[in-house]
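Protein chains in written order, with this note's numbering: chain W, 869 to 1272; chain X, 12 to 326.
Some clues are possibly wrong.
In silico lysine to aspartate or glutamate, EDC-like type, Cα no more than 20 Å apart, as pairs [to be verified]: (1) K932(W) <-> E255(X); (2) K68(X) <-> E1272(W); (3) K932(W) <-> D63(X); (4) K85(X) <-> E1263(W); (5) K85(X) <-> E1272(W).
Worth flagging that the hints you see were computed from the coordinates, not collected in a lab.
In case you want the letters, here they are:
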Amino acid sequence: MKHHLTRALAAALAFSIAAPVFAQTELSFWSWRQEDVAAYGEIIAAFEESHPDITVTYTAHEAKAYNTILTTALAGGSGPDIIHTRAYGSLENISGAGYLEPLDGQVDLSTIPDTLLRGTTLRSDGKVYSVPFATQTVLVYYNKDIFDANSITPPETWDEFMAAAQALKDAGITPLANGTADGWTIEVASGAIMPNFYGETFFEEVTSGATTFDDPRYVTALSRMAELAPYMPVGFEGVDYATMKALFTSGAAAMFIGGSWEIPSWRDAGLNVGFMPGPAAEAGGTRMVATWLDGGYAVNAASPNKEAALEFIRFTATPEFAQMLADKLNNVPAVQGATPTDDALAEIIELQENQTPYIMLVAFRFNKPTGSTLLQDGLQQLLTGSKSAEEVAAEVAAGIAAAE
Amino acid sequence: MQTADYARAKRARARNLKLWLAFLLAPPAFILIVFVFLPMASAVLYSLYDWDGLVRKEFVGLDNFADILFNPNKNSILFNAFWNNVKVFTSLMVIQNGLALVLALLLARNPRGYRFYQVVFFVPVILSTVIIGFQWKLFLNPVFGLVNKALHYAGLSDWALPWLGLPETALPAMLLVNSWHWFGFPTLVFLAAIHRIPKDFIEAARLDGASEWRIAREIIWPLMAPAVTIIVVLTFIGSFNWFEIPYIMNGLEGSPQGSTDMLGLLFYRTAFGSVSAGGSDFGAGSALAVLMFIFIFIFSVIATKYLTSREVELS
Chain W
869 MKHHLTRALA AALAFSIAAP VFAQTELSFW SWRQEDVAAY GEIIAAFEES
919 HPDITVTYTA HEAKAYNTIL TTALAGGSGP DIIHTRAYGS LENISGAGYL
969 EPLDGQVDLS TIPDTLLRGT TLRSDGKVYS VPFATQTVLV YYNKDIFDAN
1019 SITPPETWDE FMAAAQALKD AGITPLANGT ADGWTIEVAS GAIMPNFYGE
1069 TFFEEVTSGA TTFDDPRYVT ALSRMAELAP YMPVGFEGVD YATMKALFTS
1119 GAAAMFIGGS WEIPSWRDAG LNVGFMPGPA AEAGGTRMVA TWLDGGYAVN
1169 AASPNKEAAL EFIRFTATPE FAQMLADKLN NVPAVQGATP TDDALAEIIE
1219 LQENQTPYIM LVAFRFNKPT GSTLLQDGLQ QLLTGSKSAE EVAAEVAAGI
1269 AAAE
Chain X
12 MQTADYARAK RARARNLKLW LAFLLAPPAF ILIVFVFLPM ASAVLYSLYD
62 WDGLVRKEFV GLDNFADILF NPNKNSILFN AFWNNVKVFT SLMVIQNGLA
112 LVLALLLARN PRGYRFYQVV FFVPVILSTV IIGFQWKLFL NPVFGLVNKA
162 LHYAGLSDWA LPWLGLPETA LPAMLLVNSW HWFGFPTLVF LAAIHRIPKD
212 FIEAARLDGA SEWRIAREII WPLMAPAVTI IVVLTFIGSF NWFEIPYIMN
262 GLEGSPQGST DMLGLLFYRT AFGSVSAGGS DFGAGSALAV LMFIFIFIFS
312 VIATKYLTSR EVELS
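Construct the entire structure; sequences and hints are all you get.
If you want it as structure tokens, here you go:
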């Protein structure tokens, strides 16, 4: 009898000691980024160290199937506790359906610039549903060796840019690797050139409805794009993304306008590359870079572990997390306050002082036809010379007005 | 007694045969039902609902059909794609099948190297469409493509165009690629049909002094009608379902400016979404798929009926 009692006591004692360990909350975290599994392992380990009662399991799905897998799971009332989401229109598919927990008042979002929060805000209720994680920036890359060999200094204004392009062309070098066969690449290029001509306030005005795309400032910006055509490769209408990259990495072309995601591939190719923002309209003018948000981190509204999941989401909004994102994943973090060890990342963050939203993706990819479809078709026709800047601007404006 | 045994054995054999046939037919029937008929039925069902991305909302009847057909903002894209499919069908009939007919008529006369040509013409058919699309995309590349290099060496630099990048040349270039890929197939079918025509007919006509043209037009052509029926119907179905070559060579958007847009690409963009063209809409996508199916089905039946009626029976 006594024996039984001690045994029961021992069991009770053991249970009371073990209880906190058993109360561990296990969070599941889904993403499409299979290439980042190892880095997220380290980031999660850092989180678990400061939150010993929570464990997080990172699962990366196949990128193209991710949206389908996620929405199917969410529609079935399941899905992970923490969700790596895309931004803008793609996020609206799930935030608008009520699958995500609104974060306002629950997470300190003051570390993130408003232009980026826009990417994870649902337009219908104005609430933020995901903590922005990383940005892409449109840059003008140049081959330093070619510039040096032709004693060209990186141009700062549009006139200098045109003069540099002409000098390169005279030297028998293709000034710009960009083509128009893949419509999205010319839209990206417009993100470097056009903002400095349509100006800082245009985005606000066109999204609020104060102006439309047939605005004279937008027409001017488009006509600058048309001036690039003579400096693009011969047959640029048929030059696709792969050819653009081949031209630039082989040294056949001196400049390449593209996104910040290109940097690792230039490094792999052993290229001596510098980058700059698009040229200013005139001397002393601002040189803006177009940026957009790649995605964010959200909490499943149906999660049974909402509080623990929110705790992880709060962690993703800290400069400490941003620092790891920069160092371990080589991403430009959306959360401010990180000082990346990588020089290029640090430089991009500096350029982002003058950032402007990448206009069609950020504000006009919610309805059909999308602003991107309209602008890509328009730019292709503008550069081949089959339409004027005025005509393209009018068509974009009309298309946006009719989109639903 | 013996006859009763015989009858029983015969019945048993008939039953065995039926069982055996059922056994053989069941697996393909099962696969057809699960992977063809059920998805078709579900597409019809999906097309009657409103969709929010991949989440099914309320029943909307034929609204999706009305929207893609009569909404002035959307139907211009649909009609552009449809018109391109019409161009594809007529061009392939002329270029691909016309070339095949000429080659079949030539091969039917047993020229030197007959077997060699027959194999060579058929080789592109057995290559994968993905490989062909990709390979021709490289050949047509304006910077390092074979086609423009060859034009330069031939002194025709002015003719070197960015073939896939101009709205005027992109579709014709793809049609030539498709014809190059497939012409061997109709050639072989036509050739087999010509070989089926009894030699005496042709020899008799030749003895009577008929010209080669007249023999081809009045003896070979009517007697190979069944083969023509098959090829026309297959080309029709293939043209209106055309997807692989335009997708591989110029992407989902039918670039440049919708000049290579096809119903198949439009369906894919609508149902599954694309980076530039926006999110997915299963309702409208399914409705488009149903319309494509109905159109192709009805026209194939009519075409088969009409073309079969002009076939001549060889007795």
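Hint check results:
| no. | hint | verdict |
| --- | --- | --- |
| 1 | K932(W) <-> E255(X) | holds, 19 Å |
| 2 | K68(X) <-> E1272(W) | holds, 18 Å |
| 3 | K932(W) <-> D63(X) | holds, 19 Å |
| 4 | K85(X) <-> E1263(W) | holds, 15 Å |
| 5 | K85(X) <-> E1272(W) | holds, 10 Å |
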